[in-house]
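Take a look at the letters that make up each chain.
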Amino acid sequence: MEALLAFSRPALDWHALAPELTLLAFGTLITVVDIIWDDRSKQAMPTLAGIGLLATLLPVITLALDGTDRTMFGGAYVIDDFSLVLKALFLISGYVVILMSVDYIRDGDYYENEYYTLMLTSLLGMVMMSSSRDLISVFVALELLSIPAYMLAAWRKGGARSNEAGLKYYLMGVFASAVMLYGMSLVYGLAGSTAFGAIAEELGSLDSSPVAILGILFILIGFAFKVSAVPFHTWAPDTYEGAPTPVTAFLAVASKTAGMVALIQLVFVAFAGRDDVVQPFFWLIAALTMTIGNLIALRQTNIVRLLAYSGVAQGGFMLVPFAVAADAPARAVEAVVIYMAIYAFMNLGAFTVVLAVARKTRSGEIDSYGGLFQYAPGLAVAMTIFLAALAGIPPAGGWFAKFGLFRALLDAGGGWAAGLGVVVAVNTVIAFAYYARILGQMWFQPAPDGDERPVVMTGSLKAALAMTIIATMAFGILPGLVGHFGEVSVLSALGG
Amino acid sequence: MEVTGFDTWVLSLAVFLPLVGALIVMLIPKAYETELKLVALGSSLIALVVGAYIAIQFDYGAAGELQFVVDKGWIDVINSRYIVGLDGLSLPLLLLSLVVVPLCLIYSWNHIPDPGNPKAFFVLLLILSTGMNGSFVSQDMILFFVFFEVVLLPMYFLIGVWGGEDRRYASLKFFLYTLFGSALMIISFLALFFLSKDASGQLLQTFDMRVLTDVAGVGIIKSTQVWIFAGLFMGFGIKVPMFPFHTWLPDAHTQAPTVGSVILAAVLLKLGTYGFIRIAIPFLPEGAIAWAPWIGLLAVIGIIYGALGCLAQKDMKRLIAFSSVAHMGFVMLGIATLTDFGINAAVFGMVAHGLITGMLFFVAGSIKERYHTLEIARLGGLLKSAPRMGWILGFASMASLGLPGLAGFWGEFPAILSAYNPGAGLSEEVFRVYMVIAAIGTVLAAGYLLWLYQRTAFGEPTEEFAEQKIADVNRDEWIAWMPFLIGIVLFGVWPNLIFNVTDDVVSGITASVEAIAAGN
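Order-wise, the sequence lines are chains A and B. Position one of the first sequence corresponds to residue 2 (our numbering), numbered consecutively onward. Position one of the second sequence corresponds to residue 536 (our numbering), numbered consecutively onward.
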């Protein structure tokens, strides 16, 4: 008894934890408000959630200004520039998603308070993920961000497709978690520690151990499910198509980014000495993901499905720098972070346009985009910017993301890296072919049934569009903006 | 030369004024059609005036050096800077681009092709203009790349929205070909960034084209140079377009609206050849020497293939498009010789082809508007039904086949001649064979152009159109075409206007290539 009571809580750095605590407080607040005021509070829910995210940004900014690296819980939880840049990215993407959700959730007459609470909880998991430096904290963060997302995917509970989406996502997610946990247990067994630093030391000296290789592969495969890398992507299109569109955007951007963040820390810190396993694995996975994602996207007729496969392919692009993780670590981390930041805005923007158009056409078919340029030129131009960005055509933002990939590859040098570069180049061309189908439909074709009523835009959708357009164009014309964040966010563990 | 005051702004103004115009036009509601056309034309004319100021202030005594240089920070994290500058190589091409756009706007004033929407049409032309101007003055590879790519989307939409029957296919083909080339090009740019060393073996890690021209590929071993050059070759060669990557061009040209074709022929194709002279050859001389015989081979294949293609065409616009392939073959042959003479001829050929083929596309567009067809078999008797237009078509055809005294001659003839004695230790036998083949190409060119002229302009109008009144050249067309016609004659009788400007730069490039070749 004495021994139990003797537990003293570890020293907490309240400033360092302020973002997480703020987010938690707002999530709770929303529930409490709902309980007290019930229906009358519905209107206020999105506003509260939005304010919550912006309020959470404040401590992130003060921590960034403060600039000192803070470590807690025996190194399991670290606040450094890398984590702060990503926290900010998660919060801003979350804010855009909430702007996208307002009317969708309200018009659909779905539960509002629960929706926003779950959204904030999932974001809390992501914010934690960016600071986790330990197998356990990574796993906790991952589950915290995934479980609310399973429910969000099934939010249109009257619709069979949405239920299918949620269930598929859930089953695949749990399966992936199990595989990953098994890998983690193997790695823990070998290393005797869950801390990334200690794992790196132990694994690095176990060159010939098949168990180490198995452990590493299982963990990586678990995350490959999360970021929907081929051949572990099969859940993504169905889930994306069935889930409510704002949730799809959230999964495609924030959830994928969170998986990437975990991969960055695992690959560049924990498995740093094992490039013999990691580099070939990612070379293969990245090439497959890009190519297969793009080829299947070519055949899609539904725009959300098309964006889902395009998201798979984009994920493949993000995995490219991992293939040179040991040869050019700093450049590779930079490239992934830059890619994620630009991808977040261009992809959210594309989904915002899809939402806005669906308000009029009630359809997700690409054919329904005919004549958009005639009756909604603003939306057509916005979509053109986002698609150009996704395809990587200057001056829209995406080119700099692709450029970062090429830069990491060529910095690493060698035939394999250059070969992957050519694969990226070919995929860029394939990708444009299907983005061009949307462009062609919007610009070159007449409206179906001559229906040229304008699209009614709501204030929050306008705000979401404005934010994403400005960010996409700014990143394209002044890539220094995002490049700077990429540069500072090189993991302190790499000595960046 | 220290650049001060207004001169630090002129290049940026010439590049970005059309873009500013485009943004203003976007803000004007569609209903104010005249106003937005005026703003568009105004911005491109002001840019042209700035261009004229540049041409006047340009120090022709130092045409080999970059002038009006501006060097400001842009993307510090990757060490890329906003560097613009202009030398004798860029000047003629920048002016060409500045002149062509307002003329195209004037031509389209009352002739917006279906489905109309002048606002979008003009905005796209202006954005296109910014991309083209910017490419010719960029002195930083990343900046060049961005401008090089900016032209893609507007052209894609110009073809796709306002084009002919098969426009979707043609626009997509155009885009995918060029995108593939530029993706490989950016890989090569990065390879240059990481591998370039200065004379003392220090890694440079720079995108600054001035520096890379100076070091001339020292420190990159030959086999690597050959690979990097291959990437650049894809990027620029597709744009030119060189055989066998030319297949996008006939489709794009045939389907594009008239001014789209004009700009494509007059300026866009030149981005490719310009890239060879500005980037590929000076940065990678050894790679260039290794590739030159192959480029020469593809060039002469292009000449013959283009000519034979022309003879087989039934559509006038498609015929002109194939003649572009042949003409750009002459330009590439001149470049492949790596001689002072040949590259000068190539630059001249670029300007001449821009004026002449641009003119031919204008005429083709006007014929299409009047006859609603470009099928050669259905046309005829143009000299009777619209004599002025008939004469202009004849004049442009003569210029295109390389009649001495008109601009076309000075692009083709010296290019062929230069192949007699290629530079940088290239095989004389090989290039003399190329020379003979290219010479046969000129005969074929005379054949297909005269045949075209005969079928469309001579004789009586076909029955189909015999009763119809065919309007002759109208006011807008005169305004738009006159500068082209004047240019064709002026450069034809006074070729030194261009040769004097370009020679300093070109001889600098060939001298450094020769030095490398001699060193081996």
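Certain hints may be false.
[Claimed, not checked] Quick partial rundown of chain B residues pointing at chain A, CB under 7 Å, derived from the structure:
(1) Ile610
(2) Val612
(3) Val681
(4) Leu707
(5) Leu714
(6) Ala981
FYI, nobody ran anything at the bench for these hints, they're computed from the structure. For every residue, glycine included, the Cβ atom is placed at its ideal position computed from N, Cα and C.
Hints and how they fare:
Given the 7 Å rule on beta carbons, the hint for isoleucine 610 of chain B holds: about 5 Å separates it from the nearest Cβ of chain A. Annotation: interface hint on valine 612 of chain B holds; nearest CB of chain A at approximately 4 Å, less than 7 Å. At about 4 Å, the closest approach between the beta carbon of valine 681 of chain B and any beta carbon in chain A falls short of 7 Å, and the interface hint on this residue holds. Look at leucine 707 of chain B: its Cβ gets to within about 5 Å of chain A, closer than 7 Å, so that hint holds up.
With a cut of 7 Å, the hint placing leucine 714 of chain B at the interface with chain A holds, because the nearest CB-to-CB distance is about 5 Å. Among the interface hints, the one on alanine 981 of chain B is violated; its C-beta lies about 39 Å from the nearest C-beta in chain A, farther than the 7 Å criterion.
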